[in-house]
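Trainee: Chain by chain, the residues:
2 protein chains.
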Amino acid sequence: MNLVDQLKEILPEDRVSTNETVLLNHSQDESFHPANLPDVVVFPIDKKEVAEIVRFANENKVPVVPFGIGSGLEGQAIPIHGGISIDFQEMNKIIDINPQDLLVTVQPGVTRLQLNAELGKHGLFFPVDPGADATIGGMASTNASGTTTVRYGAMKDNVRNLEVVLADGSIIHTGSKAKKSSSGYRLTELYVGSEGTLGVFTEITLQVYGIPEVIVAGRAVFSSLQNSVEAATTLLQVGVPIARIELVEAASIRNMNKIAGTNYAEDVTLFLEFHGSKVNVDADIEITKELFEDFGCYQFDIETDSIGRKKLWEARHNNLNIMLHTNPGKKVMNTDVCVPLSNLAEAVEFSRTCIDESGLQGGIIGHIGDGNFHAGIVLDPNNTDEVKRANHLNEQIVKFALSVGGTCTGEHGVGLGKMKYQQDEHGKALDVMKAIKQVLDQNHILNPGKIFG
Amino acid sequence: MNLVDQLKEILPEDRVSTNETVLLNHSQDESFHPANLPDVVVFPIDKKEVAEIVRFANENKVPVVPFGIGSGLEGQAIPIHGGISIDFQEMNKIIDINPQDLLVTVQPGVTRLQLNAELGKHGLFFPVDPGADATIGGMASTNASGTTTVRYGAMKDNVRNLEVVLADGSIIHTGSKAKKSSSGYRLTELYVGSEGTLGVFTEITLQVYGIPEVIVAGRAVFSSLQNSVEAATTLLQVGVPIARIELVEAASIRNMNKIAGTNYAEDVTLFLEFHGSKVNVDADIEITKELFEDFGCYQFDIETDSIGRKKLWEARHNNLNIMLHTNPGKKVMNTDVCVPLSNLAEAVEFSRTCIDESGLQGGIIGHIGDGNFHAGIVLDPNNTDEVKRANHLNEQIVKFALSVGGTCTGEHGVGLGKMKYQQDEHGKALDVMKAIKQVLDQNHILNPGKIFG
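So the protein sequences, as listed, match chains A and B.
First residue of the first sequence? That's 1 in the numbering used here, and the numbers climb one at a time after it.
First residue of the second sequence? That's 1001 in the numbering used here, and the numbers climb one at a time after it.
Next comes chain A alone, as it looks inside the complex (with noise of 0.2 angstroms):
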């Protein structure tokens, strides 16, 4: 019997498909690494069906790769080796929320803006802001982190529980309904950010946030983007509890002015997000107002409503769209450097030479309260001068945030395109890594070929 009609005795036959159009759409994320077709597509619909299709896949050597979105921006969801694409469009129940205990529980396939609507009813929030709307599964799976993160940490950070099928199909728990533990080994986090590697995730426990009272957005403009960071550093010193603080150097503002139609002032901003009761946020902004004139803050706009916000973040979003806006037909390559804030100035600074040097067009923006920012890299992929370009640029780019203690991703994992760096970032802890992932994956099934090639 073949793999296919073999899955078929465990999952209904319109749950197990090799449509050509099926396996396409799981065969790449929206990265520019190059696709790779499954065998065959699975749309399991709860645990015990997920256990049944790994146990299967571990006893015949078969890869399976989780999928959830594909809104991945380094290769984890492509199945590199075929085998079983697990799509969880299926697992999408948000299987419990908790207002008093601050817990909600989502199978892997819920959205973030799905798990968001949800939430509002209930006066909560889950403020992980990767951008795209993600699966929370994906997410948990590649440590996501995003515009709040400053504030509200990153998926490590907020996943309290996972459910987790391992290589044999047994199932376990990696964490409990308890604020903090020091009970055992932290599997949770170890599980957080392993991008399918270790096991196959089922439900995701994550602790949420009461909508602050008020919301208020703004924007602070500088003449130098040494003095940018080194106000948003200050201010984070203080203990401000700003909400978002993105950098967006001046050539990206000329760009949004262009394309998005808005009318800012072309040097280097930071846009900000502040949350809490009214009283507080008041005092935050104007603690910040100071604080950043200081730092020669020479424009210093709040937006209080809605609309405004919206607008406000929709232009920091929508960066990248106007990015290929302008340039019909071509693709964008995002670095995601992490370095410590102390060396983020001479980080941007130095990729912004490399931009220029490449003779690619680029845009900068940061999360600069992390520590983390992206060059984004128009290109071709058809075009192998620009993908080397572009390849060398991002080489550049993670060799100087190792080369001052910062790591090569900040948020969107190692997949495939950071697989080369690893060895250079942890040195002999990768062989760790790799005697873990060894022992609870003796058959080189999870989701083989990611993080360690």
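These are computed hints drawn from the structure, not numbers from a lab.
Treat the hints loosely; a few may be bogus.
[Said to hold, decoys possible] In silico SDA-like pairs for lysine to any residue, Cα to Cα no more than 20 angstroms straight-line:
no.: 1; chain 1: A; residue 1: K428; chain 2: B; residue 2: A1051
no.: 2; chain 1: A; residue 1: K278; chain 2: B; residue 2: L1236
no.: 3; chain 1: A; residue 1: K434; chain 2: B; residue 2: S1170
no.: 4; chain 1: B; residue 1: K1437; chain 2: A; residue 2: D441
no.: 5; chain 1: B; residue 1: K1420; chain 2: B; residue 2: V1404
[Unchecked claim] Label pairs and their calculated CB-CB ranges:
no.: 6; chain 1: B; residue 1: E1290; chain 2: A; residue 2: K93; range: 50 to 60 angstroms
no.: 7; chain 1: A; residue 1: K121; chain 2: B; residue 2: E1090; range: 52 to 62 angstroms
no.: 8; chain 1: A; residue 1: Q89; chain 2: B; residue 2: L1324; range: 57 to 67 angstroms
no.: 9; chain 1: B; residue 1: L1113; chain 2: A; residue 2: E59; range: 48 to 58 angstroms
no.: 10; chain 1: B; residue 1: N1019; chain 2: A; residue 2: V439; range: 36 to 46 angstroms
no.: 11; chain 1: A; residue 1: K399; chain 2: B; residue 2: D1431; range: 32 to 42 angstroms
no.: 12; chain 1: B; residue 1: D1431; chain 2: A; residue 2: L11; range: 19 to 29 angstroms
no.: 13; chain 1: A; residue 1: E59; chain 2: B; residue 2: P1099; range: 49 to 59 angstroms
no.: 14; chain 1: B; residue 1: S1306; chain 2: A; residue 2: E293; range: 27 to 37 angstroms
no.: 15; chain 1: B; residue 1: K1310; chain 2: A; residue 2: K289; range: 26 to 36 angstroms
no.: 16; chain 1: B; residue 1: D1431; chain 2: A; residue 2: E293; range: 50 to 60 angstroms
Every residue gets a Cβ at the ideal spot worked out from N, C-alpha and C, and that includes glycine.
Starting from the structure of chain A, add chain B where the hints point.
Mentor: Here is chain B on its own, set in the frame of chain A:
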């Protein structure tokens, strides 16, 4: 050549001790677990020496047990199989303070108060406060937390990077200086809380915080435990960033008044602390007071000056000493469960009933914002009946916590005392932990007999 002579080939003679008093000092901690002598105590001064000791131990299959200052509460530092006790008192250097990155790197023997004295000169502080003046190495190895965790997190949230000597004597770094990363497995969190069973720490990089402009302490008195817990939970839902919120039940307040000469209302009380700018702290206090009144708080006092604040927290922290003072010659067993907030009131009331039924004397205090509470039980360690009753009481409380999805230990760690609950709490996940332990410590030399038995 015997063990001691061989170690003297690695270290100078005066840092290899078999002195009877030295052995005795390394045979126990603050817990009431039975003492056991190590064969030898060594005092390395740097990572190179630690690496050589561990490599030697691994080659000769001799246990190595790290020892900080002996303030542990579950026997983690007790060398139950003898072997080498590695004392870190000579590795007590603060290696680097980096105010711009809000990072500090220390050797494991640095204590919490030593670190804060030094950080204070830079306007910084390290918030994790387990009460005792523990070493940072000990705190990292047990994933310690305490009164400020509700705002600043536990050790796992504040350790950025660990330098670890593996069983074979090789040295790894688990993280980087970046605030966040999605690169490789999260070894930092795996090692935090591993109690010396996966490797020996030689350097620890912590994130630190700016000292708040204003610190205000307060006390809020309620007539009902249930109401006080609901008030605290609601405060967290609303998002007030309270820095400390500690529950003390009425019986313990009565003890305080009797012994410490305070004159507090003898009812269930929340001890509070607010950190921030003056405006924000004032606003937070106002919101807290109003909200607490809705839950029946009938007395709300604040202490703005540092002397009043110190007196208030001394009263809270001395709770344990007061119990010992009134019971000369006795010891205290401290339970340590953590439960979901929605089960906290019930858990505390259940524990109070169990204490009363046991006939033992005991007081309950709780890190109420985390759902973590301690029932301190007074007992004579030589009275087998009292020890038996205390153990039974502990077991009742742990079983209750696990039945509502909590954990057997919120902050003290597993050590010897919580081993028997690991299977119940973790189920099949315990097999994953054991597999990781086995692959990273094939000769069972790293603090053998802890966590897994």
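Trainee: Among the hints numbered above, which are violated by the structure, and what are their numbers in rising order?
Mentor: 6
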